[in-house]
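Read off the chains here:
There are 2 protein chains.
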Amino acid sequence: MNRFFVPGVCIQTQRVVFPTDLAHQIYRVLRLHPQEHVLALDNEGGIFEVELDIINSTEVSGQIIKRDHGVNEALTQITLYLGLTQREKFELILQKCTEVGVRSFVPLITRRSLVQSGRDVENKIERWQRILREAAEQSERDIIPELKKVQSLSSLAKLASDEAGFVLWEEEAASNFRAALNETQNRKISLLIGPEGGLSDDEVKICKQAGFQPVSLGKRIFRMETAAIVAAAVTLFANGDMDI
Amino acid sequence: MNRFFVPGVCIQTQRVVFPTDLAHQIYRVLRLHPQEHVLALDNEGGIFEVELDIINSTEVSGQIIKRDHGVNEALTQITLYLGLTQREKFELILQKCTEVGVRSFVPLITRRSLVQSGRDVENKIERWQRILREAAEQSERDIIPELKKVQSLSSLAKLASDEAGFVLWEEEAASNFRAALNETQNRKISLLIGPEGGLSDDEVKICKQAGFQPVSLGKRIFRMETAAIVAAAVTLFANGDMDI
Numbered sequence: 001m002n003r004f005f006v007p008g009v010c011i012q013t014q015r016v017v018f019p020t021d022l023a024h025q026i027y028r029v030l031r032l033h034p035q036e037h038v039l040a041l042d043n044e045g046g047i048f049e050v051e052l053d054i055i056n057s058t059e060v061s062g063q064i065i066k067r068d069h070g071v072n073e074a075l076t077q078i079t080l081y082l083g084l085t086q087r088e089k090f091e092l093i094l095q096k097c098t099e100v101g102v103r104s105f106v107p108l109i110t111r112r113s114l115v116q117s118g119r120d121v122e123n124k125i126e127r128w129q130r131i132l133r134e135a136a137e138q139s140e141r142d143i144i145p146e147l148k149k150v151q152s153l154s155s156l157a158k159l160a161s162d163e164a165g166f167v168l169w170e171e172e173a174a175s176n177f178r179a180a181l182n183e184t185q186n187r188k189i190s191l192l193i194g195p196e197g198g199l200s201d202d203e204v205k206i207c208k209q210a211g212f213q214p215v216s217l218g219k220r221i222f223r224m225e226t227a228a229i230v231a232a233a234v235t236l237f238a239n240g241d242m243d244i
Numbered sequence: 001m002n003r004f005f006v007p008g009v010c011i012q013t014q015r016v017v018f019p020t021d022l023a024h025q026i027y028r029v030l031r032l033h034p035q036e037h038v039l040a041l042d043n044e045g046g047i048f049e050v051e052l053d054i055i056n057s058t059e060v061s062g063q064i065i066k067r068d069h070g071v072n073e074a075l076t077q078i079t080l081y082l083g084l085t086q087r088e089k090f091e092l093i094l095q096k097c098t099e100v101g102v103r104s105f106v107p108l109i110t111r112r113s114l115v116q117s118g119r120d121v122e123n124k125i126e127r128w129q130r131i132l133r134e135a136a137e138q139s140e141r142d143i144i145p146e147l148k149k150v151q152s153l154s155s156l157a158k159l160a161s162d163e164a165g166f167v168l169w170e171e172e173a174a175s176n177f178r179a180a181l182n183e184t185q186n187r188k189i190s191l192l193i194g195p196e197g198g199l200s201d202d203e204v205k206i207c208k209q210a211g212f213q214p215v216s217l218g219k220r221i222f223r224m225e226t227a228a229i230v231a232a233a234v235t236l237f238a239n240g241d242m243d244i
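Chains as they are written, first to last, in the numbering used here: chain A, 1 to 244; chain B, 1 to 244.
Keep in mind that the hints were calculated from the coordinates and are not lab data.
Possibly wrong hints are sitting among the right ones.
It does not matter which identical chain is meant; a pair holds if it fits inside one copy or across any two.
Stated by the list, open to error - The calculated lysine-lysine pairs, modelled on DSSO-like cross-linking and capped at a C-alpha distance of 30 angstroms, are:
1) Lys219 - Lys89
2) Lys219 - Lys66
3) Lys188 - Lys219
4) Lys205 - Lys219
The shape of chain A in the complex, shown without the other chains (with noise of 0.2 angstroms):
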């Protein structure tokens, strides 16, 4: 069944009003009929089931079946800090990793970023947006996850107490990944990786100054898209959080 994350106002107690965008998807692309069945999100874990009855080029709506609640997020909550790098990649980094699982993304720009000012990224965020959505909506995620402002790493927040943040580095060579996670209780995981090129040795003290750990993920070297996929995944995987 085709699933969509609409906004809430779009919910109303017994029908769905799709907006503009969606009701011309699902009108002129899907070219879906009268009677047939959707999924509504509200992008807060409720999952509403619609049997559509108006589909015309004004409106598309149709009344709410059944009611349910998402159950497809992973328990722990991934933060992706990213180093800003060259379209293409980031916006491969940025769809697998909702697939995967990713609840939260930071572009960051750091020392050897090709983007150096937040301001080349403002009008990238809505594309960007759209890439999360519909990967949401494709890998069947409850949430579509959020994309926070653009930082600087050399402003980055110390890590709250509940948090646990893992740099990847790979000239680290004393930190075991499998290791820190399975010892790490913390269901909110922090995942920082460098741009192409890499984070330079003060970058590394200032990610270790706000408590994340320096960690490799072995001799193999990744490019930094790999990383990103790998990092994500196998922290979800060493949770539970791939078990079926």
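Add chain B to chain A, keeping to what the hints say.
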């Protein structure tokens, strides 16, 4: 230091003479100079540090100054069976799973594969071999993963007694991949990923008969390329092959 896989015949007792394509890359693209060092790998685990001395349009060669044996390969040997699918997706999987550490790839023709004839694949082999080589060089693998012959899922051979096999199947609701990985003592693990559109029930039956256990990666639905990368990564991670 730049790493290059070279054919065995290029490695002489004291010297390495680079083949034409790599000579071109070293001379024209990377513009290396005499006295610079590179690593030549023989694809059997041998690593030779070479001090370049001849660099021109007809020859690039140098003196072997150190012989070593690679230590970057995972102990777990993953064979990845991959349903043939659109080119970009398939090539992304080859590249990323080489970084992660997969040992060999088997392109599979399945009922819902986009490609239905081994002949369609033949003219891509050379390109795929290059992708594997470049990804192996970049990720500092000791060997290039093997690209095996395309085969049909309907003639899938039975797993050997020292092999474990898992078929990723989103409809699997009984078997826990994490538990299964923890249980297996085998260092040879075959993973089978269907094409976009999935495997048919009959095909899953064939996989089971060949000894592949159906497993799921949890409740979120992964695209094929994400499933391949994640399955390979968690297999190596669970076996300690991403420890340092």
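Intra/inter-copy verdict for lysine 205 and lysine 219 if alpha-carbon distance must be at most 30 angstroms: within (22 angstroms within a copy, 37 angstroms between copies)
For lysine 219 vs lysine 89, is the C-alpha pair at or below 30 angstroms within one copy, between two copies, both, or neither? Answer is both: 22 angstroms inside a copy and 26 angstroms across each meet the 30 angstroms cutoff.
I want to check one pair: lysine 219 and lysine 66. Are their C-alpha atoms no more than 30 angstroms apart within a copy, between two copies, both, or neither? Only across copies: lysine 219 and lysine 66 sit 21 angstroms apart there, 50 angstroms inside one copy, limit 30 angstroms.
For lysine 188 vs lysine 219, is the C-alpha pair at or below 30 angstroms within one copy, between two copies, both, or neither? Cα proximity of lysine 188 and lysine 219: in one copy and across copies (27 angstroms, 20 angstroms).
Checked against the numbered hints given earlier, the structure satisfies every one of them.
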